[in-house]
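These protein sequence lines map, in sequence, to chains A and B.
Going by numbering that gives the first Met the number 0, the first sequence opens with residue 0, and the numbers climb by one from there.
Going by numbering that gives the first Met the number 0, the second sequence opens with residue 0, and the numbers climb by one from there.
Quick caveat, the hints were computed from the structure, so don't treat them as lab data.
Just so you know, nobody snuck in bad clues.
Now the in silico label distances, taken between C-beta atoms and shown as ranges:
| # | chain 1 | residue 1 | chain 2 | residue 2 | range |
| --- | --- | --- | --- | --- | --- |
| 1 | B | Pro-126 | A | Glu-79 | 48 to 54 angstroms |
| 2 | B | Ala-21 | A | Thr-41 | 33 to 39 angstroms |
| 3 | B | Arg-87 | A | Ala-21 | 47 to 53 angstroms |
| 4 | A | Thr-41 | B | Arg-40 | 18 to 24 angstroms |
| 5 | A | Lys-86 | B | Gln-46 | 43 to 49 angstroms |
| 6 | B | Arg-87 | A | Thr-45 | 35 to 41 angstroms |
| 7 | A | Thr-69 | B | Ala-21 | 14 to 20 angstroms |
| 8 | A | Val-90 | B | Arg-40 | 35 to 41 angstroms |
| 9 | B | Lys-403 | A | Ala-21 | 56 to 62 angstroms |
| 10 | B | Ile-98 | A | Lys-86 | 54 to 60 angstroms |
In the DMTMM-like style, the derived pairs of lysine to aspartate or glutamate whose C-alpha atoms are separated by at most 25 angstroms in a straight line are:
| # | chain 1 | residue 1 | chain 2 | residue 2 |
| --- | --- | --- | --- | --- |
| 11 | B | Lys-749 | B | Glu-193 |
| 12 | A | Lys-63 | B | Glu-25 |
| 13 | A | Lys-63 | B | Asp-5 |
| 14 | B | Lys-63 | A | Glu-79 |
| 15 | B | Lys-160 | B | Glu-170 |
| 16 | B | Lys-63 | A | Glu-35 |
| 17 | A | Lys-39 | B | Glu-39 |
| 18 | A | Lys-18 | A | Glu-35 |
| 19 | A | Lys-18 | B | Glu-8 |
| 20 | A | Lys-18 | B | Asp-5 |
| 21 | A | Lys-18 | B | Asp-65 |
| 22 | A | Lys-63 | B | Glu-60 |
| 23 | A | Lys-39 | B | Asp-32 |
| 24 | B | Lys-749 | B | Asp-182 |
| 25 | A | Lys-86 | B | Asp-5 |
| 26 | B | Lys-63 | A | Glu-13 |
A few chain B residues facing chain A, derived, Cβ under 10 angstroms:
| # | residue |
| --- | --- |
| 27 | Phe-29 |
| 28 | Leu-31 |
| 29 | Met-33 |
| 30 | Gly-58 |
| 31 | Val-59 |
| 32 | Thr-62 |
| 33 | Gly-71 |
Glycine is no exception: its CB is placed at the ideal position from the N, C-alpha and C atoms.
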Amino acid sequence: MPDDRQDLLQGTLELLVLKTLALEPMHGWGIAQRIEQMSKDTFAVTQGSLYPALQRMKRRGWIKSAWQITANNRRARYYELTAEGRKRLEVERTVWERASGAINWILDANRIPDVSGA
Amino acid sequence: MSAFTDVIERIRALVFRRREEAELAEELRFHLDMSAEHAERAGVTAQEAKRRSVIALGGVERTKEDVRDARGTRWLEDLATDVALALRTIRRAPGFAFIVIGMLAIGIGANTAIFTLIDAVVVRSLPVRDPERLVVIGDPSMVTSTGRGVGTQSMSYLLYKDIRDHQGPLESVLASGPTGRLDVLVGEGATEFEHPEGRFVSGNYFSVLGVPPFRGRVFDGSEDDAIGASPIATISHRYWTRRFQQDPSVVGSTIVVNNTRVTIVGVTPEYFTGEVVGASADLWLPVTMHDALKPNVRWLDKRNQIWLLLLGRIEPGATIAQVQADYSPFIVRMIAENATDRADDFLARNPDVPIAAGHRGFSDVRETFATPLFTIMIGVALLLCIICANVGNLLLARAIARGKEMALRLALGAGRGRLIRLLLAESLVIGAFAAVAGLLLAWWAGGALLAFASDGMPFAIDLVLNVRVLAFTIGLSVVAVALFGLVPAVRASRTPHATMLRDGSRTIDTGGAGARGRRITPARVLIGAQVALSVVLLVGAAMLSRSLRNVQEADVGLDRDHLLMLDVDIETRGYQNERLVTLAHTLRDDLARIPGVRGAAYSENGIFSGTEWSTTIALPGRDPMSAEDANTGTDNVGPGYFRDIGARLIAGRELEASDERSLARVAVVNQSFARFYFPNGEVVGQTFIVSDTVPITIVGIVADTRTRHLDAAVRRRAYFPFVPVTNPEDLRFAIRTSGEPGAVMEQVRKAVTAVDPLLVIRVLQPLPVLMRQSIRERRLVAHLASGFGILALFLASFGLYGVMSFAVKRRTSELGLRAALGAQRTDVLRLVARDALTLVAAGAVIGVPLALASTTLLRAQLQGVEPIDPVSLFVALVAMSASAAVAALLPALSAARVSPLVALRAE
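Excised from the complex, chain A in its bound form (with noise of 0.2 angstroms):
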């Protein structure tokens, strides 16, 4: 089976774990899945990506991450927000909304009239 999802695009990967993490604390594996899902299998989040961002997210303390039992009864690392984590989730997705909403403006830009006269 070809695999056609496409890689995320630059910047977005912790927003989109931010996201994921604000709704539930989970591991790795999970997080990879959940956004996998939640975008329609969209977009493909690999480990090479995830685990060093969950580092650094880790780093500027905006997770943090604790040892958990699984329901299968294995051991896993669980991330969640923290405070700052929170905040931080509001700034990514008002940095995001502006520069997706810049992104559209330009793509439809041949539809507004020319008012140079050149």
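For chain A, the structure is supplied; the task is to place chain B on it using the hints.
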């Protein structure tokens, strides 16, 4: 805060590195397992699942690396690896590391020691509250290290009270004065006197400075209310530690000071040693207790007893200029209103009272030592440059020698950056060792320097390696490391490794310090620079040493080698008027009877005692002179004084015993006096007038004698018969011996005790010792400069030797070839020697003008040596050439011994 968690996370990553790694592995394994299960559930074939997990497995190690990077501790872990590697390299060549670390340690240690001393003497502020708001009223240098105000810059107690009560831009003003010698009994039933250093201070002393008590209390100002009503003392932390072993019960106990019971009320904090830099007080007594503790010298109600130093605290926002404008005229007015003869003198010479920044307190050592210390600082900085050049050279040679190792590393895939980092790590490790060794050396050298500088004189300076000094040292090591570390690192990494790896390549064409003898390479530039800097140091050292010799061997007009100086404290025992004259006569006769003593004469100021009087004279029948011209030094001397000090009488007669009782007032003047006031004609028989109207007749002229300074022009001086009208503090004897003056010291001591067992001997020293102490800063500079010069010479020669023998080794096959083609040994010798001498000559050509330019800075410190001194230049160049010749000769000889066969087979 996230910056905080950042640091915590990084530290945790470092400290729990092993656990972090295990957890990371487990986390990723969990991810893989889940992934595999997921795939199976999705119905992927077992084969495909395996393929994917293999692909993923390759990814695991990458992911781990990326996570490690994300921890932000990567560079630290790499550093640890590099340092471990560097330590292994250093262990492989311990001799090399030892030399490099040793040289750098000398440089860093010497610089730190000097800087510590400069910091303590010149830079540091008093450890008190807002020191920048303190002002000195008077001249901050006008205090000797025993804290006795000199000359006219200090104030009387009554004038202090006027100034204190004056409304102006000073919040408060404190006064502090010397106690002289204190006779203290500590503990019940004690009979043995102790003599701690004390200061009389105003009651607001501690509150003006903002020094809190460490134990008990400090003075609260009420001490100033009444004279003699506060028999209390505050002691310093040092004295508390030294004398009382920090016993807390000392606070509240009493000691006996000069026969008066005094209660210790408190201890000051450890950092506080008083306001006089260079003298540390053991105890402070209220100034109002002065007359009670020293009943023979009642100074509190005398306007002509000027003995207090004044320090004011400026109001916030006010400036020193405002203080000057307000206080200076006020003080001058107060002096004029209460004029005494001394006040007139004061006003004549000091129309303004100087008001200066007081944050560094009082000090005369600062004035004396600031210039010498900065001179030494320059010298020691030059030395450090030479050391860095030398170390750079060594590392350079080693980097070339390690070319193959570097090439191998490069060939095996190490990045150039990695290589530079490795070599830098080596330099860093060496630099760190050197910094530690240097600090230890500095700690030792600082004490040694201080001992040498003080030369038996009191010179209490707190030599604490403070944060500033530490930063300075670390900065130095970093600069040194960068200097010597980076150059070889870059160079080594640039080595064309294919060439280096090729075995059997003839070293003839590998460049470096090799075949083409006169090629300019970094090593040669460094040697040239070392020679140049060494020449500068040597010239400076030679000039300072010559100047010191001139000073030491100057004709002093005295029998300097046979004089023993004795100074007895007559004030404390209350010798005055008739009793004093009797004491002087008795002591003189007793001293003269000691075997080996040719004669003894007394005077008030003595020779090299640091004491001098001056007065204003007038010449009858002439116009009044300017204040400066009218000023002359004076002394009161006993009969036969000039004979007993070995001075030469030029005209007229000595002062005789009969002059002491005679009504006719007479004086002997020195040659400078005679020439200045009576340039033509007869001097003996002329008269002059001192402060009253009775003319004084000159009965004799004595050749100039140096009695205060070895290195300043002799002052005009008049000698009067010994008539004690002013109640001097000291009586001084010049004892002329037939042999070594130190030999009769014990008998002199016994003779004094026989006359009055309680008479205190303040000074008993051969004159040469006192003279030497008077030029201690000169000696310090000259000796250190010579030491640095010799060290520089040695280092430059060592460097030259290293470079030359390295060059010879690299040219072995070339030299062998030359020998095979018929070159004689002398030809080879000349070849190598010429190479070395070219370097030395180039260094000298740069060094001589540099030396000439820089030694003009020494001008103020030179005595009898011109700023351009051919003798010193010659000495420096000869020393440099001679040691360079030795350094070059050894490699040259070994080059000449090269056998063509051995040389050609060498590779």
